[in-house]
Amino acid sequence: MKITEITTLLGGHIVCGKARAYISVQYGFAADLLSDILTLETEGILVITGLCTLQTIRTAEMAEIDCVVIARGKKVSPAMKDLADRTGVILIEADCSVFKASGILYASGLQPIY
Amino acid sequence: MKFEFDIVDGDFAKAGTASSQVKHLLKQLNVDTKIIKKTTVAIYEAEVNVVAHAIGGGKLLADINLERIVVEVVDEGPGIEDIARAMEVGFSTASPQVISMGFGAGMGLPNMRKNSDELEVISDVSGGTRVVITNYLVA
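Protein chains in written order, with our numbering: chain A, 1 to 114; chain B, 115 to 253.
Hints may be right or wrong, so weigh each one.
[Said to hold, decoys possible] Pairs of lysine-lysine, DSSO-like flavour, derived with a Cα cap of 30 Å:
{"#": "1", "chain 1": "B", "residue 1": "K152", "chain 2": "A", "residue 2": "K81"}
{"#": "2", "chain 1": "B", "residue 1": "K151", "chain 2": "A", "residue 2": "K75"}
{"#": "3", "chain 1": "A", "residue 1": "K18", "chain 2": "B", "residue 2": "K151"}
{"#": "4", "chain 1": "B", "residue 1": "K148", "chain 2": "A", "residue 2": "K2"}
{"#": "5", "chain 1": "A", "residue 1": "K81", "chain 2": "B", "residue 2": "K173"}
{"#": "6", "chain 1": "A", "residue 1": "K81", "chain 2": "B", "residue 2": "K148"}
{"#": "7", "chain 1": "A", "residue 1": "K74", "chain 2": "A", "residue 2": "K2"}
{"#": "8", "chain 1": "B", "residue 1": "K128", "chain 2": "A", "residue 2": "K74"}
{"#": "9", "chain 1": "B", "residue 1": "K148", "chain 2": "A", "residue 2": "K18"}
{"#": "10", "chain 1": "A", "residue 1": "K18", "chain 2": "B", "residue 2": "K152"}
{"#": "11", "chain 1": "B", "residue 1": "K151", "chain 2": "A", "residue 2": "K81"}
{"#": "12", "chain 1": "A", "residue 1": "K75", "chain 2": "A", "residue 2": "K100"}
{"#": "13", "chain 1": "A", "residue 1": "K2", "chain 2": "B", "residue 2": "K151"}
{"#": "14", "chain 1": "B", "residue 1": "K128", "chain 2": "A", "residue 2": "K18"}
{"#": "15", "chain 1": "A", "residue 1": "K18", "chain 2": "B", "residue 2": "K141"}
{"#": "16", "chain 1": "B", "residue 1": "K141", "chain 2": "A", "residue 2": "K2"}
{"#": "17", "chain 1": "A", "residue 1": "K81", "chain 2": "B", "residue 2": "K141"}
{"#": "18", "chain 1": "B", "residue 1": "K128", "chain 2": "A", "residue 2": "K75"}
{"#": "19", "chain 1": "A", "residue 1": "K2", "chain 2": "B", "residue 2": "K152"}
{"#": "20", "chain 1": "B", "residue 1": "K151", "chain 2": "A", "residue 2": "K74"}
{"#": "21", "chain 1": "B", "residue 1": "K128", "chain 2": "A", "residue 2": "K81"}
[To be verified] Computed Cβ-Cβ distance ranges for the label pairs, DEER-style:
{"#": "22", "chain 1": "B", "residue 1": "N144", "chain 2": "A", "residue 2": "P112", "range": "29 to 35 Å"}
{"#": "23", "chain 1": "B", "residue 1": "D123", "chain 2": "A", "residue 2": "A79", "range": "15 to 21 Å"}
{"#": "24", "chain 1": "A", "residue 1": "D82", "chain 2": "B", "residue 2": "V122", "range": "15 to 21 Å"}
[Stated by the list, open to error] To spell it out: a stretch of chain A is covered by chain B in this simulated footprint if at least three of its residues, at any positions, have a beta carbon under 8 Å from a beta carbon of chain B; those stretches are:
{"#": "25", "stretch": "22–35"}
{"#": "26", "stretch": "45–55"}
{"#": "27", "stretch": "60–74"}
Hints listed in this document are in silico derivations from the structure and should not be mistaken for laboratory results.
Just so it is clear, the structure is predicted and the values come from calculations on it, not from any experiment.
No residue lacks a Cβ here, since even glycine has one placed at the ideal position from N, Cα and C.
For reference, chain B alone in the conformation it holds in the complex (with noise of 0.2 Å):
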């Protein structure tokens, strides 16, 4: 099953809409919650960060089978300029009106990295940021 959501740049009262979405797939599947909770954190991390950090927004895409479930997160930018310090917990570029919103505390990458059992991050500071998130679905 695929699944395509759009994800709206600096729209914090709808940052979530596309992970609530997936989760609720997870159930209808009868997912582990375990699965099922460190999922939709890391997507939602995902999510969050094109809110954020993204002009133009993003799209997420979902590839969900009895196995896994793979989530695709994709921005045109402004990109990543160090990803290895992006993963370091409490890096943060944030402005101050995502810090107001209680995200940007340099939590992001590092809480998908933790949540994820694959996780590809491909970024260009002059084109966009591409996450893919894998997560197996048998506990």
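Chain A extracted, bound-state conformation (with noise of 0.2 Å):
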């Protein structure tokens, strides 16, 4: 599923890798544990979190995560989204809910990973 349809599905916004928007990812996973996200094998992925911080985004660059969606209306900070673009990490603001987040993009055909 491209990174685009998934903006458009939750109402998000791409607050960073706009340029890469154009990429797909197959599976998703949500999880405030980050040391969870670190256990993740697969390739393709994108996260859904409410945990808004930096070692989100450096956790995601660690673990290969293409895309992480901050989720329950959170708000990406600079610092954020200067690690976000110096890593390649995509960073989708979304004001709904980790689980409706996880909802919509599975009933869209997003994988689960387990």
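Join the two chains into one complex using the hints; note that each chain is given alone, in its own frame.
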């Protein structure tokens, strides 16, 4: 599923990585525990989280996560944007909850990892 | 090639800086992406452990050649009371502050073991901890 399509489905907006928004991801994973994200071995992952911190981006960099959706209307900080830009992580801000975002994307065909 | 990075205790804004630089080095060496990922995840977990638990910070020492990378992460404590228990998934002594940062789920050492070809953890409660991660760079 393309990042642009995901952004539209969630009613969100891309705050970092617009130039790479043509790429597709195959899997979705929702977590507020960064160590859970670090256990993922699959490629082509989008993470949905309510944890809006610099470490969310750093963890995405380490775990090779293509795209992170920051849910619950939280706003990405300038430092997060800067790190996402430098590491190539696409960031989406969305007002919906993690539960709703997961439901919408699952129903639209994004696959679970487990 | 040998590299040394400082790790600052309690500074979650900088946690992962050293691991990120090691990842960059491995990319420059054209190491297989899966090996880069497992290596960076293992050393990132070790780096975050120092940020979260050690008083006075620590160091990350990386020794890289064409065949393997050895990363040593050292701190001056407090050390791990029961290494066997710390290796269990879900066991954690993390503070509420660390948990609020998204860590402290008791996955750190198990995740290090999973992503290391060889892992050595030496710790003394009254001293420090020394974690040595060795990964082979040829797939």
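Results for each hint:
1. B:K152 to A:K81: Distance ~25 Å between K152 (chain B) and K81 (chain A) Cα, so the pair holds.
2. B:K151 to A:K75: holds (28 Å)
3. A:K18 to B:K151: Roughly 24 Å separates the two Cα atoms, so the pair holds.
4. B:K148 to A:K2: Roughly 23 Å separates the two Cα atoms, so the pair holds.
5. A:K81 to B:K173: Holds - the C-alpha atoms of K173 (chain B) and K81 (chain A) are around 27 Å apart, at most 30 Å.
6. A:K81 to B:K148: Holds, at roughly 26 Å.
7. A:K74 to A:K2: holds (23 Å)
8. B:K128 to A:K74: Judged against 30 Å, a Cα distance of about 21 Å means the pair holds.
9. B:K148 to A:K18: holds (26 Å)
10. A:K18 to B:K152: Cα-Cα ~28 Å, so holds.
11. B:K151 to A:K81: Satisfied, since the Cα-Cα distance of roughly 22 Å is no more than 30 Å.
12. A:K75 to A:K100: Between K75 (chain A) and K100 (chain A) the Cα gap is close to 18 Å, so the pair holds against 30 Å.
13. A:K2 to B:K151: Status holds; Cα separation ~23 Å.
14. B:K128 to A:K18: OK: K128 (chain B) and K18 (chain A) at ~26 Å, within 30 Å.
15. A:K18 to B:K141: With a Cα-Cα distance of about 24 Å, the restraint between K18 (chain A) and K141 (chain B) holds, given a limit of 30 Å.
16. B:K141 to A:K2: Distance ~26 Å between K141 (chain B) and K2 (chain A) Cα, so the pair holds.
17. A:K81 to B:K141: holds (23 Å)
18. B:K128 to A:K75: With Cα atoms ~20 Å apart, K128 (chain B) and K75 (chain A) stay inside 30 Å; holds.
19. A:K2 to B:K152: Holds - the C-alpha atoms of K152 (chain B) and K2 (chain A) are around 26 Å apart, at most 30 Å.
20. B:K151 to A:K74: Status holds; Cα separation ~28 Å.
21. B:K128 to A:K81: holds (15 Å)
22. B:N144 to A:P112: 29 to 35 Å: About 33 Å separates the Cβ atoms of N144 (chain B) and P112 (chain A), which means 29 to 35 Å holds.
23. B:D123 to A:A79: 15 to 21 Å: holds (20 Å)
24. A:D82 to B:V122: 15 to 21 Å: Cβ of D82 (chain A) to Cβ of V122 (chain B): about 19 Å, so the range 15 to 21 Å holds.
25. 22–35: holds (count 4)
26. 45–55: n = 4 at 8 Å, threshold three: holds.
27. 60–74: As far as the stretch 60–74 of chain A goes, the hint holds, because 4 residues have Cβ atoms under 8 Å from chain B.
In this structure, every one of the numbered hints holds.
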